[in-house]
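**Q** So you can see what is in the structure, the chains are spelled out below.
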Amino acid sequence: MEATHSYSLQDLAATCGGEVVGDAHTLIRGVGTLELAQPGEITFLTNTLYRDLLSQTRASAVILSAVDRNATPLPRIISDNPYACYARVAQQLFPFPRIVPGIHPSAVVDPTARISASASIGPQTVIGGGAIIGEGVMIGPGCVLGENVVLEDGVRLYPRVVIYAGCRIGPRSILHSGVVLGADGFGMARDQSGWVKIPQVGRVLIGADVEIGANTTVDRGTIEDTIIEEGVKLDNQIQIAHNCRIGAHTVIAGCTGISGSTRIGSNCRIGGGVGMVGHLDICDGVTVSGFSLITKSITQPGVYTSSIPSQPHRTWMETLANLRALPQWVKKLRALEQEIQKLKEE
Amino acid sequence: MEATHSYSLQDLAATCGGEVVGDAHTLIRGVGTLELAQPGEITFLTNTLYRDLLSQTRASAVILSAVDRNATPLPRIISDNPYACYARVAQQLFPFPRIVPGIHPSAVVDPTARISASASIGPQTVIGGGAIIGEGVMIGPGCVLGENVVLEDGVRLYPRVVIYAGCRIGPRSILHSGVVLGADGFGMARDQSGWVKIPQVGRVLIGADVEIGANTTVDRGTIEDTIIEEGVKLDNQIQIAHNCRIGAHTVIAGCTGISGSTRIGSNCRIGGGVGMVGHLDICDGVTVSGFSLITKSITQPGVYTSSIPSQPHRTWMETLANLRALPQWVKKLRALEQEIQKLKEE
Amino acid sequence: MEATHSYSLQDLAATCGGEVVGDAHTLIRGVGTLELAQPGEITFLTNTLYRDLLSQTRASAVILSAVDRNATPLPRIISDNPYACYARVAQQLFPFPRIVPGIHPSAVVDPTARISASASIGPQTVIGGGAIIGEGVMIGPGCVLGENVVLEDGVRLYPRVVIYAGCRIGPRSILHSGVVLGADGFGMARDQSGWVKIPQVGRVLIGADVEIGANTTVDRGTIEDTIIEEGVKLDNQIQIAHNCRIGAHTVIAGCTGISGSTRIGSNCRIGGGVGMVGHLDICDGVTVSGFSLITKSITQPGVYTSSIPSQPHRTWMETLANLRALPQWVKKLRALEQEIQKLKEE
Chain H
95 MEATHSYSLQ DLAATCGGEV VGDAHTLIRG VGTLELAQPG EITFLTNTLY
145 RDLLSQTRAS AVILSAVDRN ATPLPRIISD NPYACYARVA QQLFPFPRIV
195 PGIHPSAVVD PTARISASAS IGPQTVIGGG AIIGEGVMIG PGCVLGENVV
245 LEDGVRLYPR VVIYAGCRIG PRSILHSGVV LGADGFGMAR DQSGWVKIPQ
295 VGRVLIGADV EIGANTTVDR GTIEDTIIEE GVKLDNQIQI AHNCRIGAHT
345 VIAGCTGISG STRIGSNCRI GGGVGMVGHL DICDGVTVSG FSLITKSITQ
395 PGVYTSSIPS QPHRTWMETL ANLRALPQWV KKLRALEQEI QKLKEE
Chain R
95 MEATHSYSLQ DLAATCGGEV VGDAHTLIRG VGTLELAQPG EITFLTNTLY
145 RDLLSQTRAS AVILSAVDRN ATPLPRIISD NPYACYARVA QQLFPFPRIV
195 PGIHPSAVVD PTARISASAS IGPQTVIGGG AIIGEGVMIG PGCVLGENVV
245 LEDGVRLYPR VVIYAGCRIG PRSILHSGVV LGADGFGMAR DQSGWVKIPQ
295 VGRVLIGADV EIGANTTVDR GTIEDTIIEE GVKLDNQIQI AHNCRIGAHT
345 VIAGCTGISG STRIGSNCRI GGGVGMVGHL DICDGVTVSG FSLITKSITQ
395 PGVYTSSIPS QPHRTWMETL ANLRALPQWV KKLRALEQEI QKLKEE
Chain Y
95 MEATHSYSLQ DLAATCGGEV VGDAHTLIRG VGTLELAQPG EITFLTNTLY
145 RDLLSQTRAS AVILSAVDRN ATPLPRIISD NPYACYARVA QQLFPFPRIV
195 PGIHPSAVVD PTARISASAS IGPQTVIGGG AIIGEGVMIG PGCVLGENVV
245 LEDGVRLYPR VVIYAGCRIG PRSILHSGVV LGADGFGMAR DQSGWVKIPQ
295 VGRVLIGADV EIGANTTVDR GTIEDTIIEE GVKLDNQIQI AHNCRIGAHT
345 VIAGCTGISG STRIGSNCRI GGGVGMVGHL DICDGVTVSG FSLITKSITQ
395 PGVYTSSIPS QPHRTWMETL ANLRALPQWV KKLRALEQEI QKLKEE
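Residue numbers (this note's numbering), protein chains in the order written: chain H, 95 to 440; chain R, 95 to 440; chain Y, 95 to 440.
For the record, the hints were derived by calculation from the structure and aren't laboratory data. Misleading hints may appear alongside valid ones.
No copy is singled out in the list; a pair is fine if it fits within one copy or between any two copies.
[As the list claims (entries may be wrong)] Cross-link-like lysine to any residue pairs, in silico, SDA-like; alpha carbons within 25 Å at most:
{"no.": "1", "residue 1": "438", "residue 2": "381"}
{"no.": "2", "residue 1": "425", "residue 2": "190"}
{"no.": "3", "residue 1": "425", "residue 2": "345"}
{"no.": "4", "residue 1": "291", "residue 2": "192"}
{"no.": "5", "residue 1": "390", "residue 2": "128"}
{"no.": "6", "residue 1": "436", "residue 2": "406"}
{"no.": "7", "residue 1": "390", "residue 2": "419"}
{"no.": "8", "residue 1": "426", "residue 2": "211"}
{"no.": "9", "residue 1": "390", "residue 2": "375"}
Using the sequences and the hints given, assemble the complete structure.
**A** If you want it as structure tokens, here you go:
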């Protein structure tokens, strides 16, 4: 994949504090995988398993760790964290597109909203009264921001993000298309007339450097706020219910749902398709395997799992039949114990 | 959380038929939780477990049940359903924002659509030919309504709702951002050329007082209509497939998927992350635990479950290995039975 | 459901190569189910189980297979694939609405985009620089297409689809409302500062005759492209992560999530609510049961399952308790084996 500007290997190494081995003036104009990189591109090796591919790569340079220092004669960057180094190098080669400040004439901006002169407001976007849009903010086409929404400096909204009234997004956070922040939580009381809606009067507060994937939803708090702390990364199609708090630098993979009032600590890693019931406390440093269900609070860091990998259908159906018959097998086992006891006593 | 208007405790009690104990003129200007309420705010106690918090609350008034009548010296509302009473009180303090009737000049409304004079049509909204928009309807920015869509009186659409042609929404129903109603169901027939699309010519019909959460999708029927009856509440990111029927006052939590042609009765409670296969009949009054799978029709009210809570990874992996070995254990158990039989016969 | 035009049974039979039995001039003006069809409508029988309904139907004609040839005296179409025949007949009766070529004045189209004269660009749609829009393309209201997006001939976008820069959609593909194609994949590297974003510089490439359901998301590739091959059908609310490849004519039901870099073969059938971990290779012709988890590559066609159907809550809780106690039961079973061995040796 070709970048718009070329950089010398030396310049790229500087972005991640890596050491250059070989020709530091090698010009790099793109990135590629070990297998598919073209001349002029830089690639990376993070897993020694893939060392074999290294000898065949057509890349012009490689990022790798000290242990693989001599695994290739190509110009290279030696880094103690080659993957993070690759991230920095790729950021240099593929920066965010330059923002063109200004408000597109088709946008509808309430006169009481305060928009920084350096912000870019895309076509068809709607911004409510009292909103505050910081320096260098990019709002893509078709977004809708309710009253008094605050976007701090450097926030990026891709097309068609909706933020309900009163929510606040920390600096440099990125929201992808279809994200809905601040919709009403699922709160109602039952009486004889049916379900009575409980007004959801809290907000959603998003910290700095958060990224939220496409079509993910975060509900506003019922009374207090729903909070996503700094550095959190949420994948696509995640549902975060009202009153949750997600701790700093926690990452959550796609299709996961967190029920209301659950608090997740910092530096957790939650897999995809996970469910958590409400009102839990998950401590810092917890990993939840994909497709697992959490029904109790967790007080010890570690890995938690309840998922079952597939088997050929017939094998699984036999296992399942035995699982359901377990109470009978257990009864039978107990009967055998007694019979043996009798035999021993005879 | 502060409201825009203050009310006396007496006025608030009237909204839910509660009894005031203490100073009925206490002015309330907001709501708060037991722990975080500020002076001037009203809070509520629905669970005797939290009675301890009552002595420390800074709230100016409390809603509680008769059994907790004397648990606090604060001015209070006694109700036989304190949670529903809180809902009514909060609705009084935080009413829906007043609607400003009119059609925003940036909206694109087909001349054959009939829009009530009391309706509010937000910026960038698009309304197709033959649509009918009732009294007091609020349509937020960026919504798209296809041809002949009908919104009955008092419907509220948050920003960026899409309703395909011909669908109908009952009075006072609320649709949150990103909802898509009436997209084509997943219907196709296989022939030698690949998959042949089956036209989806039914509609989606939504009853009165329904609420549908952000990014939830309800597909139109294949031939007949998909129907959501009155008082149903759907959380975020739910998928309701073509030809389903969801009975009155049933609630469904987030991330649940209901396959095609399944009918769910009234007053059911379906948890989050649930799956139901197609063509089922679920009777009234069924509760499905979160993260469970329903594969057969249900004819008896009650609670149904198949979810497995997580354990520490190593514990679960041992359990899983034993589960998969079950057929062998069962074989061994049967062999032991026979051996014991032999021993007894000796 | 009534169509806009009527057709003779003969004309309809021609769409699917079926044989007419009975009055070939019977006029058909709509479709209905066996139970609810009205006079003038055509219905179909694909499952001999429903033969009883056939005698009561009020339909004016029926599509059925040769084996049911004499099961009704009604005018009928005999087909060796009655369901596909119904699809073709219904397509004839309910064609896509005619496209009115032109660009709505409220759309914002970059002057460097190339739009075919026969394309229809709906209100409020935004099209970026360098985009190419083919013949007969329909773009509904409120869509956003990034720079250099290519829509080949006959593509249909329902309202509010977002396609990020550089993605390409093959001829005749259909994208439903809320679809987001080409958002950044969930890629980041950890260093001492937190998570470092890895630029996602690949694209999404969609083949011919693909259909993608409402609110489904497909992420762009990290370096290479994410690819959906021809004839693939994706239901609603599916998440396809970066670098995946979905093979031709594979169908995936709603709420399923496929993790990054997984490749699924052609002609697979993936159920709803399925999860797949990343970096897998699934061969052609695999069926995955709904609600199952795939954690390993699959090299043999067949059906794979790990889902557990619900039971009454108390029954399941007993089973679950026994499941968790399995390691103890297994220990006990082994102890019994030894005791029996001792008894035998006595």
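**Q** Each hint: holds or not?
**A** Taking the hints in turn, this is what the structure says about them:
Taking the shortest Cα distances, residue 438 and residue 381 never come within 25 Å of each other, neither inside one copy (49 Å) nor across copies (49 Å). When the C-alpha separation of residue 425 and residue 190 is checked against a cutoff of 25 Å, the pair qualifies neither within a copy, at 65 Å, nor between copies, at 59 Å. For the identical chains of this complex, residue 425 and residue 345 are neighbours neither inside a copy (45 Å) nor across copies (39 Å), given an alpha-carbon limit of 25 Å. Proximity of residue 291 and residue 192 under a CA criterion of 25 Å is satisfied inter-copy only: 17 Å between copies versus 44 Å inside one chain copy.
Proximity of residue 390 and residue 128 under a CA criterion of 25 Å is satisfied inter-copy only: 23 Å between copies versus 43 Å inside one chain copy. In the homo-oligomer, the alpha carbons of residue 436 and residue 406 never lie at most 25 Å apart, since the shortest distance is 42 Å inside one protomer and 37 Å across protomers. For the identical chains of this complex, residue 390 and residue 419 are inter-copy neighbours only, at 19 Å across copies versus 27 Å inside a copy, given an alpha-carbon limit of 25 Å. With identical chains, the CA atoms of residue 426 and residue 211 are never at most 25 Å apart, being 78 Å at best within one copy and 75 Å at best between copies.
Taking the shortest alpha-carbon separations for residue 390 and residue 375, only the intra-copy value of 8 Å comes in at or below 25 Å, while the best inter-copy value is 32 Å.
Of the numbered hints listed earlier, those contradicted by the structure are 1, 2, 3, 6, 8.
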